[in-house]
Amino acid sequence: SLTVLFGTALNQIYRYNKSFELIQSLKYTTLYSSCLFHHMKERIIFAAGTVFGQLILYEQDSNDYFHEKSNVSHHNGAIFGITYYENFLCTVGDDRTVKLYKFHNNLELLASFFAHEARIWQSCLTSTYILTCGEDSSIRLWSHKSTGEILRCFSVHRCKSVWCMDILRDNDNNKPLIIISGWSDGGVRRYHLDDVPIDSQEVILLNNIIQNDYPRNVIFLNSIIMIVQMNSGQLLKIDQQNVTLFYDGRNILKNGYVKMNVAHDGNQYIAIGSLNGYVLIFDQYGKLINEFQIDIKKNNKILQILWLNNTLSSKLLVCIPDGIMS
Numbered sequence: 001s002l003t004v005l006f007g008t009a010l011n012q013i014y015r016y017n018k019s020f021e022l023i024q025s026l027k028y029t030t031l032y033s034s035c036l037f038h039h040m041k042e043r044i045i046f047a048a049g050t051v052f053g054q055l056i057l058y059e060q061d062s063n064d065y066f067h068e069k070s071n072v073s074h075h076n077g078a079i080f081g082i083t084y085y086e087n088f089l090c091t092v093g094d095d096r097t098v099k100l101y102k103f104h105n106n107l108e109l110l111a112s113f114f115a116h117e118a119r120i121w122q123s124c125l126t127s128t129y130i131l132t133c134g135e136d137s138s139i140r141l142w143s144h145k146s147t148g149e150i151l152r153c154f155s156v157h158r159c160k161s162v163w164c165m166d167i168l169r170d171n172d173n174n175k176p177l178i179i180i181s182g183w184s185d186g187g188v189r190r191y192h193l194d195d196v197p198i199d200s201q202e203v204i205l206l207n208n209i210i211q212n213d214y215p216r217n218v219i220f221l222n223s224i225i226m227i228v229q230m231n232s233g234q235l236l237k238i239d240q241q242n243v244t245l246f247y248d249g250r251n252i253l254k255n256g257y258v259k260m261n262v263a264h265d266g267n268q269y270i271a272i273g274s275l276n277g278y279v280l281i282f283d284q285y286g287k288l289i290n291e292f293q294i295d296i297k298k299n300n301k302i303l304q305i306l307w308l309n310n311t312l313s314s315k316l317l318v319c320i321p322d323g324i325m326s
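Note that the sequence shown covers residues 1 to 326 in the working numbering.
Calculated from the structure, these hints are not laboratory results.
Accuracy of the hints is not assured; some may be wrong.
Once the Cα atoms are required to be at most 30 Å apart in a straight line, the calculated DSBU-like pairs of lysine-lysine come out as [stated by the list, open to error]:
{"no.": "1", "residue 1": "K160", "residue 2": "K145"}
{"no.": "2", "residue 1": "K301", "residue 2": "K287"}
{"no.": "3", "residue 1": "K315", "residue 2": "K259"}
{"no.": "4", "residue 1": "K69", "residue 2": "K27"}
Work the whole structure out from these sequences, hints included.
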């Protein structure tokens, strides 16, 4: 009949076969994590992580008695997660670090590195990768040989924690690894390792015409095209890797931060408000459709500009200092 072993936070091991039976109470009673696994096919190992950062391995003998096999203290703080896979053992914890061990008869520390900006709750292992999740709202992928370089990162910034995760392994290395994760907003999310990570980046060289020029603001005109306001007052259009001049505003937009807002009504229109009270309206091709200036008798610095109905024919709401909206 089926027999199941359970490990508890009080460092007790129970066996279930039609009924529960306490088979052993072990020495340490301050566990934060544990893991039961078959090692070398026949040997059963109970791995325990304590509040003091100890990793303790117990091995079951022929009389079903667990005796202490290894005891290491490589963490500075509680161990929150222990994972075993194909002779590899991984621990994560309160000190934000990952420890990867090779385990045959003894533990051999293979890698140790800082992995997250907050506490790490759990890890998963494959034959070549380590996955970790934590309190900094991210899932991160590492190599077994890692010294701290992230291979991939998946993040949802409105969440505080990734509480748990599991992976679907496949013997076919050509198939992507599937990650299932539970988040603090109540969401369950699935990721593939071949997905573009949320924090991936691409560098676009602007090839500035004016020396020492730099971006002050940026807005998406649509899902592909960006408009970048430069400190010189120039507006640049970035279409994937192609950078062109959208509008030369050096006369009125120089050395100032502008507010930009896009209206979508089948075409894209962009309204721009400047610190000296100018409002400029362009179509998606850079044609200036309208230009005017807020009453110069007042402090006409434009703090925000919005399309009221998201169409070119709608009115613009312009906010200036002293709580004035017009």
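Structure-based check of each hint:
1. For the hint pairing K160 with K145, the CA-to-CA distance comes to about 29 Å; that is within 30 Å, so the pair holds.
2. Between K301 and K287 the CA atoms are separated by roughly 24 Å; this keeps the pair inside 30 Å, and the hint holds.
3. At roughly 16 Å between alpha-carbon atoms, K315 and K259 fall within 30 Å of each other, so this suggested pair holds.
4. Taken as a hint, the K69 and K27 pair is honoured in the structure, with Cα atoms around 13 Å apart against an allowance of 30 Å.
Going down the numbered hints, you'll see the structure goes against none, and every one checks out.
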